[in-house]
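S.K.: The lines below spell out each chain.
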Amino acid sequence: MIPVNYGQLVLALIPELLLVAAALAVLGADLMVLREQSKRVRFGFAAGFTGFACLAAIFWMTSSTEPATYLGGSFIVSELTQWVKTGLLLLTALTVILFVDGEFTEHVGECVALILMSTVGMMLLVSAGDLLLLFVALELTSLSLYSLVAFDKRSREATHAALQYFLFGGMAAAFMLFGFSLLYGLTGSTLIADIGKGLADKTGDPVLLVAMVMVMAGLGFKVAAVPFHLWAPAVYRGAPGPAAALIASGSKLASFVVLARLMFAGFSGAEGDAAWRSYTVGWMPLLAGVAAFSMVLGNLAALAQSSLRRLLAFSAVAHAGYMLLGVLAVKETGLQAVVYYAFTYGLATIGAFGVAVFVERKRGGDSLTDLAGMAKQSPLLAVCLMVFVLSLAGIPPLAGFVGKFHVFYSAAALKSPGLGLLWLVVLSIATSAISLYYYLQVLKQAWVAKENETAVNLKPGVATLAVLCVLAVLTVILGCAPGLILETLTEALKHSW
Amino acid sequence: MNALPWTIYVSFLGALLVACLPARNVYAIRLAALFAGVIGLVLGLYAAVNFEAGAGVVTLIKHEWVPAFGAEYHLAADGISVVMVLLTGIAAVTGILFSWNVTHRLKEFFAFFLLLIGAVYGVFLSFDLFLFFVFYELAIVPKYFLVAIWGGQNREYAAMKLVLYSFIGSALVLVGIVATLVVSGGQSASLVTLGQFQFAESFQYWAFPLMFVGFAILAGLWPFHTWAPTGHVAAPTAASMLLAGVIMKLGAYGALRAGVCLFPEGLIAWQNVIGWLAVIGIVYGASVALVQKDFKFVIGYSSVSHMGLVILGLVSMNIVGLSGAILQMFSHGIIAGLLFGVVGRMVYERTHTRDLNALKVMNLGKVMPFAAVTFVLASLASMGLPGFSGFIAEFSVLIGAWALDPTKAVVAGIGIVIGVAFTLRALQTAFFSDTTAKDIQPHEPFEPITLPERVGAVILLATTLIVGLYPKLLLDFIQPALESPLFDALRKGGLE
Numbered sequence: 002m003i004p005v006n007y008g009q010l011v012l013a014l015i016p017e018l019l020l021v022a023a024a025l026a027v028l029g030a031d032l033m034v035l036r037e038q039s040k041r042v043r044f045g046f047a048a049g050f051t052g053f054a055c056l057a058a059i060f061w062m063t064s065s066t067e068p069a070t071y072l073g074g075s076f077i078v079s080e081l082t083q084w085v086k087t088g089l090l091l092l093t094a095l096t097v098i099l100f101v102d103g104e105f106t107e108h109v110g111e112c113v114a115l116i117l118m119s120t121v122g123m124m125l126l127v128s129a130g131d132l133l134l135l136f137v138a139l140e141l142t143s144l145s146l147y148s149l150v151a152f153d154k155r156s157r158e159a160t161h162a163a164l165q166y167f168l169f170g171g172m173a174a175a176f177m178l179f180g181f182s183l184l185y186g187l188t189g190s191t192l193i194a195d196i197g198k199g200l201a202d203k204t205g206d207p208v209l210l211v212a213m214v215m216v217m218a219g220l221g222f223k224v225a226a227v228p229f230h231l232w233a234p235a236v237y238r239g240a241p242g243p244a245a246a247l248i249a250s251g252s253k254l255a256s257f258v259v260l261a262r263l264m265f266a267g268f269s270g271a272e273g274d275a276a277w278r279s280y281t282v283g284w285m286p287l288l289a290g291v292a293a294f295s296m297v298l299g300n301l302a303a304l305a306q307s308s309l310r311r312l313l314a315f316s317a318v319a320h321a322g323y324m325l326l327g328v329l330a331v332k333e334t335g336l337q338a339v340v341y342y343a344f345t346y347g348l349a350t351i352g353a354f355g356v357a358v359f360v361e362r363k364r365g366g367d368s369l370t371d372l373a374g375m376a377k378q379s380p381l382l383a384v385c386l387m388v389f390v391l392s393l394a395g396i397p398p399l400a401g402f403v404g405k406f407h408v409f410y411s412a413a414a415l416k417s418p419g420l421g422l423l424w425l426v427v428l429s430i431a432t433s434a435i436s437l438y439y440y441l442q443v444l445k446q447a448w449v450a451k452e453n454e455t456a457v458n459l460k461p462g463v464a465t466l467a468v469l470c471v472l473a474v475l476t477v478i479l480g481c482a483p484g485l486i487l488e489t490l491t492e493a494l495k496h497s498w
Numbered sequence: 003m004n005a006l007p008w009t010i011y012v013s014f015l016g017a018l019l020v021a022c023l024p025a026r027n028v029y030a031i032r033l034a035a036l037f038a039g040v041i042g043l044v045l046g047l048y049a050a051v052n053f054e055a056g057a058g059v060v061t062l063i064k065h066e067w068v069p070a071f072g073a074e075y076h077l078a079a080d081g082i083s084v085v086m087v088l089l090t091g092i093a094a095v096t097g098i099l100f101s102w103n104v105t106h107r108l109k110e111f112f113a114f115f116l117l118l119i120g121a122v123y124g125v126f127l128s129f130d131l132f133l134f135f136v137f138y139e140l141a142i143v144p145k146y147f148l149v150a151i152w153g154g155q156n157r158e159y160a161a162m163k164l165v166l167y168s169f170i171g172s173a174l175v176l177v178g179i180v181a182t183l184v185v186s187g188g189q190s191a192s193l194v195t196l197g198q199f200q201f202a203e204s205f206q207y208w209a210f211p212l213m214f215v216g217f218a219i220l221a222g223l224w225p226f227h228t229w230a231p232t233g234h235v236a237a238p239t240a241a242s243m244l245l246a247g248v249i250m251k252l253g254a255y256g257a258l259r260a261g262v263c264l265f266p267e268g269l270i271a272w273q274n275v276i277g278w279l280a281v282i283g284i285v286y287g288a289s290v291a292l293v294q295k296d297f298k299f300v301i302g303y304s305s306v307s308h309m310g311l312v313i314l315g316l317v318s319m320n321i322v323g324l325s326g327a328i329l330q331m332f333s334h335g336i337i338a339g340l341l342f343g344v345v346g347r348m349v350y351e352r353t354h355t356r357d358l359n360a361l362k363v364m365n366l367g368k369v370m371p372f373a374a375v376t377f378v379l380a381s382l383a384s385m386g387l388p389g390f391s392g393f394i395a396e397f398s399v400l401i402g403a404w405a406l407d408p409t410k411a412v413v414a415g416i417g418i419v420i421g422v423a424f425t426l427r428a429l430q431t432a433f434f435s436d437t438t439a440k441d442i443q444p445h446e447p448f449e450p451i452t453l454p455e456r457v458g459a460v461i462l463l464a465t466t467l468i469v470g471l472y473p474k475l476l477l478d479f480i481q482p483a484l485e486s487p488l489f490d491a492l493r494k495g496g497l498e
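Top to bottom, those sequences are chains A and B.
Numbering (my numbering) for the first sequence: 2 to 498.
Numbering (my numbering) for the second sequence: 3 to 498.
Mixed in with the good hints, there may be bad ones.
Claimed, not checked - Listed next, the in silico SDA-like pairs over lysine to any residue satisfying Cα-Cα at most 25 Å (straight line):
no.	chain 1	residue 1	chain 2	residue 2
1	A	K377	B	V104
2	A	K445	B	L426
3	A	K495	B	P69
4	B	K163	A	Q442
5	A	K445	B	G495
6	B	K109	A	S379
7	A	K451	B	N156
8	A	K377	B	R26
9	B	K163	A	V449
10	A	K445	B	P69
11	A	K377	B	R32
12	B	K109	A	E452
13	A	K495	B	E66
14	A	K363	A	K460
15	A	K332	A	S379
16	B	K163	A	S307
17	A	K460	B	P24
Quick caveat, the hints were computed from the structure, so don't treat them as lab data.
With the sequences and hints as input, model every part of the structure.
M.R.: Here you go:
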């Protein structure tokens, strides 16, 4: 039994605790003090408080963190985890502020508290070095998100989406837990680092393979990779704005980091080989297969969508495929590439959701034709949408392009100079060329199509526009100067992660 | 010289400025756009005057960018880039002059136009493979909107086709770039460093066609040329001028820098195949142009034919052919701009038809003397008559092609002859049709040719004449550039 120093642990957990406290405070204030106020005031207070708490947590992490592990390696604090948590907090804060004037609920306090709790779950996930903590954190995130998706009780679609999300999520969690139990059986430990050592001489063990597939199923669900993506279109389409944005951004970022850790540290030695014509069983061919199917299916299905949110859902499936390429290449510069990719993808996707939700609220639908006339009625909004969509399409100089290029390069360099994974890179570049078609359909409606005279004017409020502009500017800046993130990440990854 | 990167920045700033001006202030917007275009041209001219041709590659800016794969923000210039920057400057200024009458969503038009121009300058000045690709891709998006919003009939189809072809080309190139960077160790993406790297022959064998064909799709390489005629025809005049005048050159320039210069052994392996594709393009483009009824399609297919000569020159593996190809890039850029300017702006905007049979009975030679004279001169230049820039360029390419393979040179020569035929046919039908007075349909008098149109036409005509009469002016830039370290690998590979 390791002696536990609770004082140290609390200090290490201060960012998470700050967010828990903020969640409780928002909930309490909303229930007790702000009951009589208008919804605007209540949302304003909640959003402001959330932003403040997130900033405070970021400030704490940047000012006073020493890399360390706690509880014998169960809780990891490193420069990388702190960086990812900063990213998560930023994404959460922007989400809350962007959707501050949401009309989908009367229960402001509960909604914002749930968002904060799911963020706490994601932060713990990033730090988890132990399967148990990992599972608890994952469930905290998932349960908060299930209820957030169902938050709009008046909407049939949201309820349906929530039920689907919950059922799939529950199954995935069960699979993952089963996989974890097998891992424990194989190695006698729940610490990821110990599992890695314990599995060193068990390569090729069929039980290990089963465990690997089970774990992949659980996390594949979180990142919406094929074939665990079936919930995505319904949830992206039906969920209230902030829930969908959070699922698409922060939840993905955290899941990819933990997936990389599990595969790289947990299943080290069982990589196998995914190179062309030299397949060997292991997690690499597994991941490569999932990535390939996600890219192909996601991009092809997105071609057929007429709803912007469903289109974003399938594009998210495709992007999960690209990011898996980076996870494959963690040994190379892949991890930095994935974190950069997931973060900038989060920015663009929150922005795109912001626009989609806004259009839906104004015009009652989010089909592509509802975007018509945007460039004329609100040029700035149309420019923002263009930045988000083109970043998702991977057009330079936006962040999405640098992320894609970096991921492709890392994957191709993994077996260098053999170019073994080039087949996967070729596949992703080909599918990414296809994807431009549907992204351009979105822009065509917003910029080229004739406006419908009877449609409601698309003039956004100042707050919405301001947040969208911040997101767009970040996407441009991070694309032109990727060093801002990549350099710190490279530094962070020189030490352990 | 060091002001050359400002061509890029001024264009982008111009786009931003135009986007911020109030929409009702039409003249301010036009003047701002013209101002940005002229500054770019002046910077280019200033750099050309002060350029020491013997200096090889002159680095303008070099800054670390993404160390993970060795990308640098590296802008530089050699003689070839200076020539292409000049071409871009001229095309930008005349394009803006020829769009003086645009009123529909004017702000956005000039903003996209300047964005495109800035990206094009960026391509010609990038000496880092990654940066090169960034600017190259950046040029795709404004192109789409220029054609889709301001184009003529079939614009949305043509715009999407144009963009998808470009993007498929860049997908091939992207695979090539990733593979090149990985194989060379990922330490540097600089074209100079990569040019020194000894790529294995087996790698060059498949990397060369990826890079070359990927870029050459944008240069209208047969059989991937079909985007070009539809795109040129559907685009608004200024965009046609840019598409034919500059964008197709982006493709050829990329094929030269990233294909020919990096993988000479791959070039030798594929020389014959690509050479024949180019020759087919020359003959095919000219033959199809011969039977077109639509005036703009004639010019569109003639571009395919003329760009075939550029590609033929690029694979010729000798100095004469290469410098001819680069000269042809410049020359065709100017002449195609002029032809599209006359057809799309001067004629179509007034007659509202591009059907040669309809134009036949309008007696345009009499009612539009300025347009007629301009078109005669442009046709002479396009046919490659001595005294115009087209002559020396096409002649050099043919000499280079002859050294490579006389058969190809002969067939290409036939293509040039067909080119004379279709140009004369179009010229005769549209302007000097031998119709008797009773055939001539009465119509409203056309509005006179405006001052911006005249200025634009005169700039282009003067350029092609000056270069035609004194080609040394540009060859003094181009030929020393072919001696620079960028062409080391090519020389080792047997450049004659």
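S.K.: Look at each hint and say if it fits the structure.
M.R.: Against the structure, the hints come out as follows:
{"no.": "1", "hint": "K377(A) to V104(B)", "in the structure": "holds (17 Å)"}
{"no.": "2", "hint": "K445(A) to L426(B)", "in the structure": "violated (40 Å)"}
{"no.": "3", "hint": "K495(A) to P69(B)", "in the structure": "holds (15 Å)"}
{"no.": "4", "hint": "K163(B) to Q442(A)", "in the structure": "holds (13 Å)"}
{"no.": "5", "hint": "K445(A) to G495(B)", "in the structure": "violated (47 Å)"}
{"no.": "6", "hint": "K109(B) to S379(A)", "in the structure": "holds (14 Å)"}
{"no.": "7", "hint": "K451(A) to N156(B)", "in the structure": "holds (15 Å)"}
{"no.": "8", "hint": "K377(A) to R26(B)", "in the structure": "holds (14 Å)"}
{"no.": "9", "hint": "K163(B) to V449(A)", "in the structure": "holds (16 Å)"}
{"no.": "10", "hint": "K445(A) to P69(B)", "in the structure": "violated (36 Å)"}
{"no.": "11", "hint": "K377(A) to R32(B)", "in the structure": "holds (20 Å)"}
{"no.": "12", "hint": "K109(B) to E452(A)", "in the structure": "holds (18 Å)"}
{"no.": "13", "hint": "K495(A) to E66(B)", "in the structure": "holds (20 Å)"}
{"no.": "14", "hint": "K363(A) to K460(A)", "in the structure": "holds (9 Å)"}
{"no.": "15", "hint": "K332(A) to S379(A)", "in the structure": "violated (46 Å)"}
{"no.": "16", "hint": "K163(B) to S307(A)", "in the structure": "holds (21 Å)"}
{"no.": "17", "hint": "K460(A) to P24(B)", "in the structure": "holds (18 Å)"}
Violation of the numbered hints given earlier is confined to hints 2, 5, 10 and 15; the remaining hints are satisfied by the structure.
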